[in-house]
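Asks: The residues making up each chain are set out below.
2 protein chains.
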Amino acid sequence: MTAGRRPQMNTRQLILALDYGGTKHTAAIIAVGEHTWLAHQRVYSPPGADGNYDRATALNMARALLARTEGELVAIGVSFGGPVDATQGIVRLSHHVPGWENTPLRHQLHNEFDVPASVDNDANVAALGEWKFGAGQGCASLLYVTVSTGIGGGWVLSGRIFGGADGMAGEIGHIVVRPDGMECVCGKRGCLEAEACGPAIAKKMRARLQAGKTSEAFETSEVWASITGESVARAAQSGDALAGQVMDDAAQMLGAGLGGAINLMNPQRIVLGGGVTKSGERWWRIVRETARSHALPQMRVEIEPAMLGDDAPLWGAVALGESLL
Amino acid sequence: MTAGRRPQMNTRQLILALDYGGTKHTAAIIAVGEHTWLAHQRVYSPPGADGNYDRATALNMARALLARTEGELVAIGVSFGGPVDATQGIVRLSHHVPGWENTPLRHQLHNEFDVPASVDNDANVAALGEWKFGAGQGCASLLYVTVSTGIGGGWVLSGRIFGGADGMAGEIGHIVVRPDGMECVCGKRGCLEAEACGPAIAKKMRARLQAGKTSEAFETSEVWASITGESVARAAQSGDALAGQVMDDAAQMLGAGLGGAINLMNPQRIVLGGGVTKSGERWWRIVRETARSHALPQMRVEIEPAMLGDDAPLWGAVALGESLL
Numbered sequence: 001m002t003a004g005r006r007p008q009m010n011t012r013q014l015i016l017a018l019d020y021g022g023t024k025h026t027a028a029i030i031a032v033g034e035h036t037w038l039a040h041q042r043v044y045s046p047p048g049a050d051g052n053y054d055r056a057t058a059l060n061m062a063r064a065l066l067a068r069t070e071g072e073l074v075a076i077g078v079s080f081g082g083p084v085d086a087t088q089g090i091v092r093l094s095h096h097v098p099g100w101e102n103t104p105l106r107h108q109l110h111n112e113f114d115v116p117a118s119v120d121n122d123a124n125v126a127a128l129g130e131w132k133f134g135a136g137q138g139c140a141s142l143l144y145v146t147v148s149t150g151i152g153g154g155w156v157l158s159g160r161i162f163g164g165a166d167g168m169a170g171e172i173g174h175i176v177v178r179p180d181g182m183e184c185v186c187g188k189r190g191c192l193e194a195e196a197c198g199p200a201i202a203k204k205m206r207a208r209l210q211a212g213k214t215s216e217a218f219e220t221s222e223v224w225a226s227i228t229g230e231s232v233a234r235a236a237q238s239g240d241a242l243a244g245q246v247m248d249d250a251a252q253m254l255g256a257g258l259g260g261a262i263n264l265m266n267p268q269r270i271v272l273g274g275g276v277t278k279s280g281e282r283w284w285r286i287v288r289e290t291a292r293s294h295a296l297p298q299m300r301v302e303i304e305p306a307m308l309g310d311d312a313p314l315w316g317a318v319a320l321g322e323s324l325l
Numbered sequence: 326m327t328a329g330r331r332p333q334m335n336t337r338q339l340i341l342a343l344d345y346g347g348t349k350h351t352a353a354i355i356a357v358g359e360h361t362w363l364a365h366q367r368v369y370s371p372p373g374a375d376g377n378y379d380r381a382t383a384l385n386m387a388r389a390l391l392a393r394t395e396g397e398l399v400a401i402g403v404s405f406g407g408p409v410d411a412t413q414g415i416v417r418l419s420h421h422v423p424g425w426e427n428t429p430l431r432h433q434l435h436n437e438f439d440v441p442a443s444v445d446n447d448a449n450v451a452a453l454g455e456w457k458f459g460a461g462q463g464c465a466s467l468l469y470v471t472v473s474t475g476i477g478g479g480w481v482l483s484g485r486i487f488g489g490a491d492g493m494a495g496e497i498g499h500i501v502v503r504p505d506g507m508e509c510v511c512g513k514r515g516c517l518e519a520e521a522c523g524p525a526i527a528k529k530m531r532a533r534l535q536a537g538k539t540s541e542a543f544e545t546s547e548v549w550a551s552i553t554g555e556s557v558a559r560a561a562q563s564g565d566a567l568a569g570q571v572m573d574d575a576a577q578m579l580g581a582g583l584g585g586a587i588n589l590m591n592p593q594r595i596v597l598g599g600g601v602t603k604s605g606e607r608w609w610r611i612v613r614e615t616a617r618s619h620a621l622p623q624m625r626v627e628i629e630p631a632m633l634g635d636d637a638p639l640w641g642a643v644a645l646g647e648s649l650l
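Chains as they are written, first to last, in this note's numbering: chain H, 1 to 325; chain U, 326 to 650.
Same shape as in the complex, but just chain H (with noise of 0.2 Å):
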């Protein structure tokens, strides 16, 4: 150390990393480069939560958690769910509760805070978070795909969210996989989305069962209302032929999307997150071999289980944050 220069206080910089879900909103904070949370906390937003009563309560979380962490905060990431001009860090809306649109979210956070901030949509930041601390470390080019009850997604390339033009790219749930298909929240038929998310293996479940087929599982009308794709799939695992074909099917959708995807853009690798992903080793090996058999054959063909859970895009906000150092 330089003779006369005092010691550097030891004053460790901290991250705040925010999560807003539909109806729950997670605060933590971290220290650079570390990678456990000093703080953490979730708040479920009551019926009839708006806008304003999240970002206030959300807010609040912030300060408290900060207010008992020793340190410094040097940046906030943020993860939101739903549209977000990220060159902004505008939140356009969200489609779960009203109050949202045009939210100039990130000015907010600075003017709060005094550090700088970045927003972006929960799939972008999901897939940053699974490629800086998760199933995708230290791939030059990532595509994140949540299977879940509807298909989303988010591409890293070069070690940055690649958002597209609109901020709207990774968006593998509306490519169509089958054009006389099942009908899509979009307005069109076959989109991935509609032949392959949670919901979509439910009702294609109801279906297959409304149309005279029988399943050991799922015997009686009684029960059909409440079929799942988690209950679809444990049936599945379990024997049921029927529940099998529905599943098979749903995983050689999946991997007809994957395949497309890699076709185009021949990722290094590709990460699964969502709950369709506990479906067994069944509907992984046959969304592996369907992607496979689509893919160009000198095109790598890998995907991997996400390793972070719903924490994913709590660690994407991480690794905003700390990309803003």
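Since the hints were made in silico from the structure, they are not lab data.
Nothing false has been slipped in among the hints.
Heads up, simulated SDA-like pairs for lysine to any residue below, C-alpha to C-alpha not over 25 Å straight-line: (1) U/Lys-457 x H/Ser-158; (2) U/Lys-528 x H/Asp-180; (3) H/Lys-24 x H/Glu-112.
In silico negatives: residues of chain H with every beta carbon more than 12 Å from chain U: (4) Gln-41; (5) Pro-47; (6) Arg-55; (7) Asn-60; (8) Thr-220.
Estimated spans, in silico, between C-beta atoms of each pair: (9) H/Glu-304 x U/His-365: 42 to 50 Å; (10) H/Val-43 x U/His-360: 53 to 61 Å; (11) H/Glu-302 x U/Lys-538: 43 to 51 Å; (12) H/Glu-101 x U/His-432: 51 to 59 Å; (13) H/Arg-282 x U/Arg-514: 21 to 29 Å; (14) U/His-421 x H/Asn-102: 51 to 59 Å; (15) U/His-432 x H/Glu-281: 43 to 51 Å; (16) H/Pro-104 x U/His-421: 49 to 57 Å.
These numbers were taken from a predicted model, which means no experiment stands behind them.
All C-beta atoms, glycine included, are put in the ideal place defined by N, C-alpha and C.
With chain H fixed as given, assemble chain U onto it according to the hints.
Replies: What follows is chain U alone, placed relative to chain H:
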């Protein structure tokens, strides 16, 4: 000018651009920063030519052009019509002639001319050409697609070719747009290429005629064998109903594929080149409308004709060369 410093010799800096096609090879020289050829030559390979012959011919041509052009060669950019390991500058093979397997073309050119060289495959290089000098200028993200005897493409992201993990990104021709569709050379069914390229259009027209459909443009079965994508397009533009249906169907398939690419990557612009794009306003309208109907509403759909025609790879080779300076 600083006193005592000699005026700099006004030596022009030159880029050598090489385009190795299947059966024709082009060499051209341009001064850095200028947009007109100082020298330009194209040679056609005789039947039976192999990689050795093609390499020697192109080298001789390049040497001759350089010998008669004033200036100092500073970089070489190369477009090759086949798979290339761009990172290593190694041609993997040619699909047209033998003797190109694993050719270290970048190394050979560097040895020969003692300047840095960059080599990539023609679709990628053409994409870069349209981005730098053609219809993609100023785009942060560009998908270039050529619709010709096949369908291929390339990406330019942030001003650089995006080749993906194996240099194969952009293979939009092998995305499946009609799962029960036409057989593709790749072994799948209903690939975009098998549904919308020139030979696919001809094949569909013949199949309809052979199935008993009638067309004024192709009345007698003697002419069926010589039907091409171009002749179907001409017949459609002249009002032939059956040819019109075939063209519309091909345009819809292309639009569906492009719409899928938009959902996945949200590019700022798509540029379409190749002979099939000369099929008239109706074809363009259907391509754009179908892509729009497939893409999510928040995403831009900007599909424009290529500007550089067959010279796109050569201009892209210039851009590759300039990227080395």
